[in-house]
Each structure stands twice: as structure tokens, then as C-alpha cells.
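Undergrad: Chains as they are written, first to last, in our numbering: chain A, 1 to 454; chain B, 1 to 307.
Rather than coming from a laboratory, the hints here were simulated on the basis of the structure.
Warning: the hint list may mix true and false statements.
Now the stretches of chain B that chain A is said to cover, found in silico as 3 or more residues with beta-carbon under 8 Å [said to hold, decoys possible]:
{"hint": "1", "region": "107–113"}
{"hint": "2", "region": "257–270"}
Derived BS3-like pairs: lysine-lysine, alpha-carbon spacing no greater than 25 Å straight-line [claimed, not checked]:
{"hint": "3", "chain 1": "B", "residue 1": "Lys5", "chain 2": "B", "residue 2": "Lys233"}
{"hint": "4", "chain 1": "A", "residue 1": "Lys124", "chain 2": "B", "residue 2": "Lys81"}
{"hint": "5", "chain 1": "B", "residue 1": "Lys31", "chain 2": "A", "residue 2": "Lys407"}
{"hint": "6", "chain 1": "B", "residue 1": "Lys124", "chain 2": "A", "residue 2": "Lys407"}
Note that beta-carbon positions come from the ideal geometry of N, C-alpha and C, so glycine has one too.
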Amino acid sequence: MWKKRVLALLILILGTGVAFFVFQSEPRLNKNYENTKSFFKHHPFRLGLDLSGGSHLIYKADISQVPTGQVSDSMNALRDVIERRVNLFGVSEPVVQIQEGGFVSGNSDEKLIVDLPGVTDVEKATAMIGQTPLLEFKTEAPKDTPREVTVGKDGKINLDTSPQYVSTELTGRYLKKAILEFNPTTGEPQVGLQFDDTGTKLFAEITKANVGKIVAIYLDGAPISTPVVREEITGGTAQISGSFTPVEAKQLVGRLNSGALPVPITLLSRQTIGAILGDNALFAGAKAAFIGFLFVALFLILWYRLPGLIAVLSLCIYVIIILALFKLLPVTLTAAGIAGFIISIGIAVDANVLIFERVKEELRSGRTIADSVSAGFSRAWFSIRDSNTSSIITAIILFWFGTSLIKGFALTLGMGVLVSMLSAITISRMFLYAIEFVGEGKVARFLFSSGLSK
Amino acid sequence: MFVIKNKKIFIGISIVLVVFSLSVLFFFGLKAGIDFKGGALTEVSYKDTRPSQSDLSGPLEALNIGTVLLQPTGEKDYIVKTRDLSEQEHASLLKTLSQDEQSPLEEKGFNSIGPSVGRELTRKAIIAIVLVSLGIILFIAFAFRKVSKPVSSWRYGIIAIISLLHDVIIPIGIFALFSHYLGVEMDTLFVVAVLTVLGLSVSDTIVIFDRIRENIRGQAMVAKINFAETVGKSLEQSFVRSICTSLTVILVLLALVFFGPASTKYFALMLVFGMFFGTYSSIFLASPLLVWIEEIQAKNKENKKKK
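With the hints as extra help, turn the sequences into a complete structure.
TA: Right, here's the structure in full:
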């Protein structure tokens, strides 16, 4: 008897501890968040894009030029390149993942999904993701090359400078790496280039042939630097000293280093959720969860009395466990995911209701409270198992086949059903056994009955 | 039990509801959202005053991006529905909506889905529906492998599936009404709702059938058991818990409908109807059907004996 009570007390203490963890690790709840230990700070709720605001991009990779055996390799390379580019934004926790084509999706398209939390300026983002920085080296064209002068609508005269230079073989392809440098005399940021072996050879040839002339460096089709060559350069290094800000120079270095995309991509669909919309959804979700919980708790206590109170207690522990799991695993919460969690609160009670109804019947058939409780638990188990199996089947299949939106729902619902089976059966039982002291009086019988009966 | 006595009335009610839902579905149909057919949805909120629809319609048409549907929401917001848009088209749409910066606005959300993504989702949804149905049918077959007389086990399974169809068709019919009168569109969550109803509603039926089996087994010694009475008794024992468990789920779902995020509102509402009719069918449809089948079987037997 005392053993059981100690055990129940232990569970309560443990539950409180976990609740403390959930609270401490949540910046929205913990006012003293800045000063909490880093362990807590590492476990906030991970919010999906529809709650945190951000962009969700789906790209199609054109793999028609890739030999069949190398598709997954080049997709991985693509993901790495995009990941490097995305990291340049300084986005916290961007997600770049490959979605393979095949039977389920119905076509052989290889897709790349890019999630950028907090980024709502997608125009800029997609430009940076999709663009291959095209680095070219051009030499002066012969003097007599005709130059085109056009008069624009607004009366301005445009001098087309492009024929001024002719392309060479040297491009960003032969780049080994780019680094951020600062000009030792002026202190201006500049981008240092280091060529690979072929690049070094080409650069040496070009500089040798053009001593005293301009070798223009083009980025994305526009000249960014037009230095005059003084002598042949054999070391395989060059500097671009456009008038960069340090940030621009750093971004250019990053983009040059991230390399070209191994396969061309096109944007299939994109979704942007503004921060306000996300905040509203998050707040509404939390509110609905809280009110739903209150409804259920009220119903349980009014209808099932003492066992109902215990069910509420074990429901509290269930909620705490699930929230802690969401943080620790971690589970990315979306609006649909929160809906799954809320529904699981309703389902979690299911097992308790099954047990209590059984207990009530056993009481009616004249057993003692203790006997009724243990019979109720053992007999209700099969019903609990059967009634939850179908939900678990649905959750598994939804998780398997779903898009990220559906996955969030399936995961929280499935986890909810599994954890609730545990909490309803073991935790409720432990608490019910622990309060056996109420004895067999009229009051006790009233407390263990339910509904409208007296 | 009064449900069993009046079983034909309750079976009749269910038939009427299902026929009604099917005809609503047939005549009104379901509006596919951009998740399935592709398209773009732009949500903007004006900082000061919202320009009227007629002021915007002219310039929007000039954009040449097909039909643009302006749907006012809230006090200063518009939801703009178009075909799927490229970056440039999206930018020029925003520019037009802000009347060239005359009426400053904030873009709250933008969602553009290419038609191929929509087709893929449709295919996925169909496969998921088929698989979930198969999974649940297999589970029902497994759960009822041991029941025998007087109604053979596969009949329990078939009845469970009939009531499952009933539980799914009625909410879909109601959704078709919403779709027709309120312009609610079928999205990914709609499919999830249908599948979740499949999972949730069958469990109720199974628990009641479980009880019937248990009571039949308990009476194995008695030579002649009255099947209708046993079913009635089982119903009496389990209908309170059936209603209670559904009620708790419906309570949380209602909280989700009224207080939850806008994106899951109709999803939760679908589930409310699914739960409600799931519970209704396990008490007022599945069990009466079971008794009805047993009576038909008994009659056939007698007829055979007479011959």
C-alpha cells in the first residue's frame, strides 16, 4: 500500500520536474529566459513555417542530363550547394531536403524543398538560391569594334559597353576558392580569387597577352572590376576590388565558393507566411488547446467525480510528457500538428472513460471498490487496444505518404495516441490504487460512481 | 433496448442521411482548392483604407494573369486568388494592389502552387485513402476473426465497413454544402480529415461489437440465446461510454473550431461531424444492422427447414 503511494508521489514529482523543463525552455513563458541555462535554451518548441512565418519553396530539379545511376549523387550535391547558399542568408535553422520522385508522387520529378523560417522577402531569397554567380574574365576588343549607342525613351543615351570586351575561356569554373580580403593600403574590402591548375594556366596566358591592357572581371554579365594588367601573373591569384561594402564582399565570396548548381532547377511552388499571420495562428492554437483541455477536465470531474479528478491529473501528466517530447525529439509544430495534439487530448481520455465505465459496472455487480478497480483495468485493456489501433493505422499511413503539412498532424496524433495509452493505463492506475484509503462508505461509493447516479 | 426494437426506423434515418449527402455531393460537387489544382493565394492587409474591389478590378485585369478573384476578409484585408504566379507576376500583382504605393499594404501570406505539385498531391491523397481503407478493413477482419455464431465474423466486418462509409459520406456531404454556400475549398486538410474520421469512427463500432462478442461468449452454455436481446444488452452497457469518449473528442474539436487557427477551422468542423456520426452509427446503425441480418438469416433457416 505505502509502496504504491510512494510510487504515485514519485510520478507526481517527476511530472512536476518535466513541467518545469517545459516551462523553463520556453521563451514565451519564462520571463527570466535570458538567464536560464543553455540546456533549456537548446530546447524551445520548434515551430513550423505556418506558425513562425517564413517561406516554403519547392524546386524541381531537371535531371534529364544526368545518367540514371548518378541521380541521387547529383541531388545530394545540389542539396549541399543550396544549403551553402541558404546559410548565407543567416537564416536560423533552414531546412533543405530532397523529395524523391517515384511511385507515390506519380512522376519521376526530383524535388528539392527549401524552408526558410523568418524569411518573407522571397524575391531576394529565390534570386540568391537560383542564381549561379557567373564569373567571367574578358579582354579588350580590337579598337575598331563597333559600339552600339541607343537613345532610350526617356531621352537618355545608352552606350552598350559589352562589345568593348571579348570573352575568354577563363570563368568561375576554374576557381579553386574565393576569400574575403582587405586592401592593405585603402582598407577596402576585396575578393581574392585563387584558380585551380587549368585556371592558373589560362590566367597566366591572358595576362601575358594583355600587359598594359584592361582585363575586365564580369559578374553575372556586368563588369564589376576593370583592372589594367601590369605584368604576367603566374601565381594563379587575382583580386576583385569593386566598391564593395564588407557585407557584399562576404556574400560574393560565399556565392563564389558555393559553386555552380550541379543540375538546373526551376521553382514549382512557394508559400510565404507573414510573421503576424504565423503569430496569430500560434496564439489561436495554444488558446484552443487550453480551452479544449479545460472542457475535458470539467467534463471528467463533473461526470466521473473522484476517478475523473485522477483522470485529469494523469491527463496533465500526459500533456506534460507530450510537450516535453515535442521539445526533445524535436517535433516541428504546425497548425495541423497542434490540431493533432488537441485531438489527442480528447482521445487520451478515451482509455480512462473505458476503464471507469467498467469499474462502475463492477461496482454495480456488488464488488468492493478495490476489486472493481482492478477488474476494470484488466477488462478494459482489450477495448482500449482495439479502439486505438485504427487511429494508429491512420496516423502511420498519413505519416508515410503525407506532405510535410500532413506529416505534422500524423506525428502528433500518433504520438498522442501511443503516449496516452501509457498514461491512461499506468498512471491512472497508480493514482487510483494509491487512494484506496477512502474505504467502502457511502461517500466513497458516491465518489467512484458517475454520471447522474447517486 | 429501444434502439433494437425500432431498428428499421434508425436504419431508415441513416439511409436518408446518406442518400441526401450523396445527392448534395453529386449536384454541388466539391470545390478543389489550390492544393489540388494549382494556383496562387495572396493575402494582403492594407495599412490605412482598403481600396474598393471596383477600383482594383480594372488595373488587375490589365496585368494579364487570368481571372483575379478578390475576396475581402476582416476590415482591411483581401484574399486574392489567381493562377500560379511567377516572381515577376507576383511583384506586379502586389504593386497593382497597392495602387502603385498609393495605398500601402503588407503581404500577410502568399502561396503559389504549380499544377504539377497539385496533381502529385491528388495522387498521393488517393493512394493514402486506399491504403488507410485497406489497413482498417484488414484490422477489422483481424479483430473479428474469432466470433462465430449466430452471425459469422465476416458479417461483423462488413457491417463495420458499411457504418464506416456512412460516417465518412455524411461529413463529406455537409462539406459539399459548405463548399456550395460558403465557398469553402477542399484542401489537403480535407483529405486528412476524411482519413482521421475513418480511423476514429471505426474504433467506436469495434468497441461495441467487442462487447457483443463478450456477452455471446458468456452465454455459450445457454442453448438458445436471443441474439437481439444480447445486442440490446451490450448496447445498454456501452452506449454511455461511447457517447462519453466521443464527447471529449468533440469538446476539444469545438475548442479548435471556435478558438483555433483559421487554417484548421473547417478541418476541425469536419472532424466534429465525423465523430458525431461515427458515434451515432455505432449505436443506431451498426448494431441494428447486425440484429436485422441475424433475423433474415433465421428466417431463411426456417424456410429451408419447412421445405
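Undergrad: All hints, please: hold or fail.
TA: To see whether the hints hold, each was checked on the structure:
1. Requiring three or more residues with a Cβ within less than 8 Å of a Cβ of chain A, the coverage given for the region 107–113 of chain B holds, as 7 such residues are present.
2. Under a criterion of three residues with beta carbons nearer than 8 Å to beta carbons of chain A, the stated coverage of the region 257–270 of chain B is upheld, 9 such residues being counted.
3. Annotation: proposed proximity of Lys5 (chain B) to Lys233 (chain B) holds, straight-line Cα distance about 12 Å (limit 25 Å).
4. This hinted pair checks out: Lys124 (chain A) and Lys81 (chain B) have alpha carbons roughly 23 Å apart, not beyond 25 Å.
5. Between Lys31 (chain B) and Lys407 (chain A) the CA atoms are separated by roughly 24 Å; this keeps the pair inside 25 Å, and the hint holds.
6. In summary, the hint linking Lys124 (chain B) to Lys407 (chain A) is supported, as the alpha carbons are separated by about 13 Å, within the 25 Å threshold.
When the structure is compared with the earlier hints, no violation turns up for any of them.
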